[in-house]
Amino acid sequence: MSGICLYCGNEWIPPVSWSSFFTVDLPSYLCPECEALLEPVSGMTCKICSRPLEKLDAQFIAGDCCTDCKRWEEDPEWRGLWQENHSLYVYNEFLKEIISLFKFRGDYCIAKAFSGQIARVAKKMDYDLMVPVPLSKERQYERGFNQSEALLIEAGLKPFHALDRLHGEKQSKKSRRERIHLNQVFQVKAEANIRGKKILLVDDIYTTGSTLRHAAKVLIGAGAKSVSSLTLARG
Amino acid sequence: MKFAVIEEKLIPEPFLTVKQTTFPISSLDHFYEQLPFNPQFTPNPALKNYLTGKQLLLDELPFSMEELYTHYENGFLIFRKGIVFEKKSAKCRRCGNTDQRYFASFYCSRCREVCTYCRKCLMMGRVSTCTPLLSWAAEPPLSQMETLSDNECHPASLIWEGTLSPGQETASSRVAEAIGNNQDLLVWAVCGAGKTEVLFAGIERALKENKRLCIATPRTDVVLELTPRLRKVFPGITTASLYGGSEERHTYAPLTISTTHQLLRFYKAFDTIILDEVDAFPYSVDETLQYAVRNARKDSSAMIYLTATPDRKWQRECRTGKRAFVTIPARYHRHPLPVPRFVWCGNWQKLLRKNQLPANVLQWLKERLASDKQALLFVPKIALFEKILLILRSLHPDIETVYAEDPERKEKVQKMRDKKIPLLVTTTILERGVTFPNLDVAVLGAEDHIFTESALVQIAGRVGRSAQYPKGDIIFFHYGRTEAMVRARKQIVSMNREAEEEGLIDVD
Ligand SMILES: [Zn+2]
Ligand SMILES: [Zn+2]
Ligand SMILES: [Zn+2]
Ligand SMILES: [Zn+2]
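Each protein sequence line maps, in turn, to chains A and B.
With the working numbering as the guide, the letters of the first sequence map in order to residues 1 to 235.
With the working numbering as the guide, the letters of the second sequence map in order to residues 1001 to 1508.
Check the hints yourself; a few may be wrong.
[Said to hold, decoys possible] From the derived model, a few chain A residues whose C-beta atoms are all more than 10 Å from chain B:
#, residue
1, F60
2, Y91
3, E97
4, D107
5, C109
6, A150
7, A190
8, E191
9, R195
10, S226
[Said to hold, decoys possible] Only pairs whose alpha carbons sit at most 30 Å apart, straight line, appear in this in silico DSS-like list of lysine-lysine:
#, chain 1, residue 1, chain 2, residue 2
11, A, K124, A, K70
12, A, K189, A, K55
13, A, K225, A, K55
14, A, K189, B, K1019
15, A, K124, A, K96
16, A, K112, B, K1091
17, B, K1381, B, K1412
18, B, K1412, B, K1048
19, B, K1002, A, K189
20, A, K123, A, K189
21, B, K1002, A, K112
22, B, K1373, A, K137
23, B, K1354, B, K1387
24, A, K189, A, K158
25, B, K1002, B, K1088
26, B, K1387, B, K1373
27, B, K1366, B, K1350
28, A, K96, B, K1410
29, B, K1350, B, K1322
30, A, K47, A, K137
31, A, K217, A, K123
32, B, K1298, B, K1091
33, B, K1268, B, K1322
34, B, K1410, B, K1381
35, B, K1087, B, K1009
36, B, K1268, A, K112
37, A, K137, A, K70
38, A, K158, B, K1410
39, A, K112, B, K1366
40, A, K137, B, K1350
Calculated from the structure, these hints are not laboratory results.
The beta carbon of each residue, even a glycine, is placed where N, CA and C say it ideally should be.
Start from the sequences and build out the full structure, keeping to the hints where you can.
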């Protein structure tokens, strides 16, 4: 039996080597044409946030990191709270469409399309607990699932729910300054024991890094040893 | 949302007064989708307008759960399972999908269980095992005309000055009859017969009987073309125009013009559905759309199919008397349809690789350019455009190419209309409403499988549309004739013969 591409719906036959593994339920992820539209993050990247530096204007580069990260690191309030970010793909038009299908339309099984890559990258990272960035209760009910958690579960990884979200997600209308100075967005769950743990935060998109830095701040505050992050897309 | 069932009545989780196990609606057996009707209850008219003839998700309804549930308790609202399981296979009741590859499951925060959802109709909101489909149970809303008794100034009256040709006249009365008797009828009208006017009498009759009608078509551009025409001839009623992104999704109207896709939100809504271009992609190949149309009909209703090119199965059913049909074999201008000529052009693909066109094709094109007659050249693939254009631009600098998703399609069609393009190379039959009056048409590679019988009939139908220029050349250049080509020609010839026998054309 052929699979159908999770994005375009075209039927395609996975390579033989796969079908011998999955005799019962053939995986139907992305067809080769759609897969080719994904753009892995590669080349020179910011050593902190993994932003590709090659396409970036020189005025936004500060040595081996981007000026955004440099600015954060110069602020004593935020310095050193967060080790590094790793992103799988560039947030291009295609990935934008896929992610919107995934989280806004609620097509949960899109998570499977990335399971292999996420599992592979997670293996190379040093962490004790994988913490998905939480949604607010209302948003979680509305969508029916948390997309970051879905990415982990489908990759066969175990999410650790250490955080609660205190505010809504609508931050795009606010300026960078407002976002940075927004009161606490996250809170560590009382029952979550993270003391001395190396935390790997997981989110779908890295845009400004402020969500992840806010999460890192409360995690470190609650005794976490270190915080780094893994995201599907790098905006 | 989860429900408990007490005495076969659904109770939403938040409204339980005693502790009771709750389930996603698809896991429940033996409950009433609809409770006995309470005539003392006064329903909310806004909700009634919203939901009559529809099947919507809770997320699509701007009403509180309390209000919705009260309407259910009083028999005015129906809760149905969105997903049902038949022999352990899932089936989506909104779009009819049973292909298990289009179902997926996840641990759902709404029902706190593993939830299965349909991916086929996901773009209209997620239907899953914990999602009920809501419909209105009672009689349809009183439409504006029911309060009027004087037939003379009935708001549904047809305001149209035109006249029908004898062929249209016959079809028109058959349509009105089928609509009146809730029957199915196929209207097989040749390209350029004028099929929209044929509907007017039937629509008027249905509207005056307070019936709800829908004209459905697979294509948005047809919805956009038909809406103003029908609003003009039925100015006294509300006409809703539905397509992806249209604003009128929740308008209750006696006449709805909709893409077949938008019908997925309807449930037992219409007394009459007029389905335009049944042969057109994607309806003809998409079972979901066919299900949507069936689902949107009332149990007792009329179905009018319009087509210029019924497929072979339908043609056979017509011949063997299994399907009621009426033909309009002639155009309103009383001239026969131009019959395609077949001309062998050898291995044109091989020539094209050497940047050449077959001599007879080139000759035909040069003749059109020399005599200043506009022409369309159909080719099977967009990929051929570049090479063909390279050759043709040396003949005339204004020759253009166009394809269905061409971003400049509108501009190019307009330029063609303004006669600024002498020859247009194309892969598509363009918009339905578009006719170029004085035109010759050629197909290069008519043997390609993309040129089905129906496509070839449609292509030939571009020629001789206007009364001023009722003739024109239609030529199929091929590298081996196909059954589709032969059948297409046969269809055209037999329509002409029928028209002649019935005295619908003037033979010169
Ligand atoms: Zn694909
Ligand atoms: Zn950076
Ligand atoms: Zn469905
Ligand atoms: Zn659910």
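Quick rundown of the hints versus the structure:
no., hint, result
1, F60, "holds, 33 Å"
2, Y91, "holds, 22 Å"
3, E97, "holds, 12 Å"
4, D107, "violated, 6 Å"
5, C109, "violated, 4 Å"
6, A150, "violated, 7 Å"
7, A190, "holds, 21 Å"
8, E191, "holds, 19 Å"
9, R195, "holds, 28 Å"
10, S226, "holds, 30 Å"
11, A:K124 / A:K70, "holds, 25 Å"
12, A:K189 / A:K55, "violated, 40 Å"
13, A:K225 / A:K55, "violated, 34 Å"
14, A:K189 / B:K1019, "holds, 29 Å"
15, A:K124 / A:K96, "holds, 26 Å"
16, A:K112 / B:K1091, "holds, 22 Å"
17, B:K1381 / B:K1412, "holds, 18 Å"
18, B:K1412 / B:K1048, "violated, 46 Å"
19, B:K1002 / A:K189, "holds, 27 Å"
20, A:K123 / A:K189, "holds, 26 Å"
21, B:K1002 / A:K112, "holds, 27 Å"
22, B:K1373 / A:K137, "violated, 67 Å"
23, B:K1354 / B:K1387, "holds, 9 Å"
24, A:K189 / A:K158, "holds, 17 Å"
25, B:K1002 / B:K1088, "holds, 21 Å"
26, B:K1387 / B:K1373, "holds, 23 Å"
27, B:K1366 / B:K1350, "holds, 21 Å"
28, A:K96 / B:K1410, "holds, 28 Å"
29, B:K1350 / B:K1322, "violated, 46 Å"
30, A:K47 / A:K137, "violated, 34 Å"
31, A:K217 / A:K123, "holds, 25 Å"
32, B:K1298 / B:K1091, "holds, 21 Å"
33, B:K1268 / B:K1322, "holds, 25 Å"
34, B:K1410 / B:K1381, "holds, 20 Å"
35, B:K1087 / B:K1009, "holds, 25 Å"
36, B:K1268 / A:K112, "violated, 37 Å"
37, A:K137 / A:K70, "violated, 34 Å"
38, A:K158 / B:K1410, "violated, 53 Å"
39, A:K112 / B:K1366, "violated, 56 Å"
40, A:K137 / B:K1350, "violated, 64 Å"
Violation of the numbered hints given earlier is confined to hints 4, 5, 6, 12, 13, 18, 22, 29, 30, 36, 37, 38, 39, 40; the remaining hints are satisfied by the structure.
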